[in-house]
Amino acid sequence: MAIAARKTKTGAPAKAAAKTPAKSASKGAAKTLSNVPTFNKEEELHAYREMLLIRRFEEKAGQMYGMGLIGGFCHLYIGQEAVVIGMQMASKEGDQVITGYRDHGHMLACGMESRGVMAELTGRRGGYSHGKGGSMHMFSREKNFYGGHGIVGAQVSLGAGLGFANWYRQDGRVSMAYFGDGAANQGQVYESFNMAELWKLPVVFVIENNRYAMGTSVNRASAQTDFSKRGVSFGIPGEQVDGMDVRAVREAASRAIEHARSGKGPYILEMQTYRYRGHSMSDPAKYRSKDEVQRMREEHDPIEQVRARLTREHKVGEDELKAIDAKVREIVNDAAEFATHDPEPDPSELYTDILLEPARA
Amino acid sequence: MPIDILMPALSPTMEQGKLAKWLKAEGDKIKAGDIIAEIETDKATMEVEAVDEGVLAKILIADGTDNVAVNTPIAVIAADGEDVSAAASGAAKAAPAPQAAEAPAPAAPAEAPAAPAPAPAAAAAAAASVPAQAKSYDASSEFPAGAEIVSMTVREALRDAMAEEMRRDADVFVMGEEVAEYQGAYKVTQGLLQEFGARRVIDTPITEHGFAGIGVGAALTGLKPIVEFMTFNFAMQAIDHIINSAAKTLYMSGGQMGCPIVFRGPNGAAARVGAQHSHDYAAWYSNVPGLKVVMPYSASDAKGLLKSAIRDPNPIIFLENEILYGRSFDVPKGDDFTIPIGKAKVVRPGSDVTIVSFGIGMNYALGAAEALAKEGIEAEVIDLRTIRPMDIETVVASVQKTNRCVAVEEGFPQSGVTAEIGMKIMEAAFDYLDAPVARVTGKDVPMPYAANLEKLALPNIGEVVAAAKAVCYR
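Chains as they are written, first to last, in my numbering: chain H, 1 to 361; chain R, 1 to 474.
Rather than coming from a laboratory, the hints here were simulated on the basis of the structure.
Virtual Cβ for every residue (Gly too), placed ideally from N, Cα, C.
Where hints are given, some of them may not hold.
Result set (EDC-like, lysine to aspartate or glutamate): computed pairs, CA atoms no more than 20 angstroms apart in a straight line [claimed, not checked]:
#	chain 1	residue 1	chain 2	residue 2
1	R	Lys333	R	Glu177
2	H	Lys200	R	Glu177
3	H	Lys200	R	Asp335
4	H	Lys290	H	Glu42
5	H	Lys41	H	Glu318
6	R	Lys24	R	Asp34
7	R	Lys401	R	Asp391
8	H	Lys327	H	Glu142
9	R	Lys343	H	Glu42
If you want the footprint, here are the derived chain H segments under chain R, 3+ residues with CB under 8 angstroms [what the hints assert, rightly or not]:
#	stretch
10	86-94
11	224-231
12	249-260
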């Protein structure tokens, strides 16, 4: 398991995340599966490219925030890339994704255009919400991305509702509802767990445990820090997953999605991950040590892990990797360029999209 | 002393019921706790348990009698040692039944009151403060030509609206507490489970926040949920999803993601249910862009507007009223009858003063208009029907004619719907006013329990009459 135990500056000991291997996730009991599967070269390259796109995109967003081009709140996903990419590698066309406000990575992973996402961050008319949503509120019906929600925990009930729609229509889709370790303490999460299991809704609850709910470490906010156990009283199976290893994520995701798709109801995946940046752009992150962040970056970076395997095991040359890097930078630079020069929304847009016109009877 | 068994009130708003069945016969011995009869309210069939012991001397109200007013003696028990035949004959000249409307409404327990305790004058049940349906409400101008007209309750009209729309569109479903197997806490969803099955009529756990969010999530995919709240008081648990998730998503998504959902249920004061079950939320929801807020009074509007709400692609707050559920009105038959959202209705023409209200407030508005007519003041009465978007044009057109306006609501005064009506009239028709707009509202207090205090907290016809006279300078 990736995340090493250490003491934070606040004195709260971070729990050792290392787990002994378990054979299977039994119903209602949290288990870890650590016999990490291998990726073939194509899978490694895919994961590398996708994660790198998120990383470079977020770095650029951070830079543009500093330049005043992006306003308000801006929550970066840097460090957590393996979670959403591994999940998407296990999902099928038509499966839905919903998350909270740290959502840029999820949108890119769903196949939404970098230009549209970045232009939304800058509040321009070419943004996914035409500049009316901002960093926290983007949607794409086409890509089955349902937001982009700013109220902590709301996406869990809404995500169960997406699963409900799949159950109602019997269309074989699965909904993936992402939320953080902070949101995991909200009451509606458990209301949703209860109904999801009661009605056997096809939904996977993905708890992205990045160890800090804004500035409050998991140990200071959670009586039960093993989030995979949060569904035990409802009979929802759960697993702790090394969320820094994209292979482990995909493996667990496959199991969880298959469980949900086959009519067995919801599944909980606790993704043990880490965010390198502050909670938002204005967070100096004084609640943890620089050393802690540095060690995560050096020892557990999700992208570097893949890059090392590509070089070492798949004999991918530095030139090929550099070409991928260049391609990704080109996409991100193009998005930034577009988002910088795209016009702001027309003032008349202030009063549009409030209500839909009813169809004529 | 022989003991009278009185017709019990079995719900906060029950004024009368049907004596469905006697389970004991004259001459039977009765022990406390025995089930002696079954009574049908408009919501359920309830068992009546004996409190007193003795012999059932005389049955005063036969099996199958409809419309038995609360507190009417229904039988007489001869206590142990008493002469049964004397008790029975004494009962024959039993005092006339007290007026139902003045009867105290004991809370739910199904018990026969032991003795006809004199109803305290102040204990006029809240129902008494609400006049019976005003005769002057005539909605027929909007009925389809040639349509057969039937009398039905608001409750039945709401049920029919849902059933018709569920037949029309497989994406429409109902979810909420007790909507399926129990047939609705207020019987509004009666029969829907039997017709549409458990996938489309879904009993939820008591988790408003969670199931409102699930409803909204389903609506974002294009399904058309009808989310019933047992009362809108409980929707406070869910208001985040109503406002942040349902109302704002279309705008935040740049028009991509609509939320076709109806949140419905009883709203406002019922009778004697206290501050936490009596709040009127019309003003709250009407404050929010992205929502439509509908609050019908009559059964035909309830049906026509609920059908429009279910067909509407936007989130709709549909505010019902428990006291109105049992009221009957004329309703046209036919699946195609709808009433457009956002259109007020002049329900009584008049030239001297405009009285505008909505929902149960129409009781006071119409009652006042009738009283004013006797004094030579002809009030024009407008039923707003939709609070948001507000059809102020209809109100303004009336005020331009009458030059006077009284706005009436049961909700609180500050930042209330009537405050908004007054401001809108000032913006649009200030030069037409011969007097400041007046308002009659619920008082600025949490709803009290005591019958007399509750009556004082609510508006009444007298206040509306006084306000109308004041703006007419009479």
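Verification of the hints:
1. Restraint check for Lys333/R and Glu177/R: not satisfied, since their Cα atoms lie roughly 29 angstroms apart, outside the 20 angstroms limit.
2. For the hint linking Lys200/H to Glu177/R, the alpha-carbon distance of about 19 angstroms falls within 20 angstroms, and the restraint holds.
3. Of the pairs offered as hints, the one joining Lys200/H and Asp335/R is violated, with about 35 angstroms between alpha carbons and a cut-off of 20 angstroms exceeded.
4. With a C-alpha separation of about 35 angstroms, the suggested pairing of Lys290/H with Glu42/H is violated against the 20 angstroms cut-off.
5. For a cut-off of 20 angstroms, the pair hint linking Lys41/H to Glu318/H stands: about 15 angstroms separates their Cα positions.
6. For the suggested pair Lys24/R and Asp34/R, the alpha carbons sit about 9 angstroms apart, so the restraint of at most 20 angstroms is met.
7. Distance restraint check for Lys401/R and Asp391/R: the Cα-Cα separation of roughly 17 angstroms lies within the 20 angstroms cut-off, and the hinted pair is therefore satisfied.
8. Straight-line distance between C-alpha atoms of Lys327/H and Glu142/H comes to about 25 angstroms, which puts the hinted pair past the 20 angstroms bound.
9. At roughly 61 angstroms between alpha-carbon atoms, Lys343/R and Glu42/H are farther apart than 20 angstroms, so this suggested pair is violated.
10. Coverage of the stretch 86-94 of chain H by chain R is violated in this model, with 0 residues showing a Cβ closer than 8 angstroms to a Cβ of that chain against a need of three.
11. Under the rule that three or more residues need a Cβ within less than 8 angstroms of chain R, the assignment of the stretch 224-231 of chain H is violated, with 0 such residues.
12. Only residues whose C-beta sits within less than 8 angstroms of a C-beta in chain R count toward coverage, and the stretch 249-260 of chain H has 0 of them, not enough to reach three; the restraint is violated.
Checked against the numbered hints given earlier, this structure breaks hints 1, 3, 4, 8, 9, 10, 11 and 12; the rest are met.
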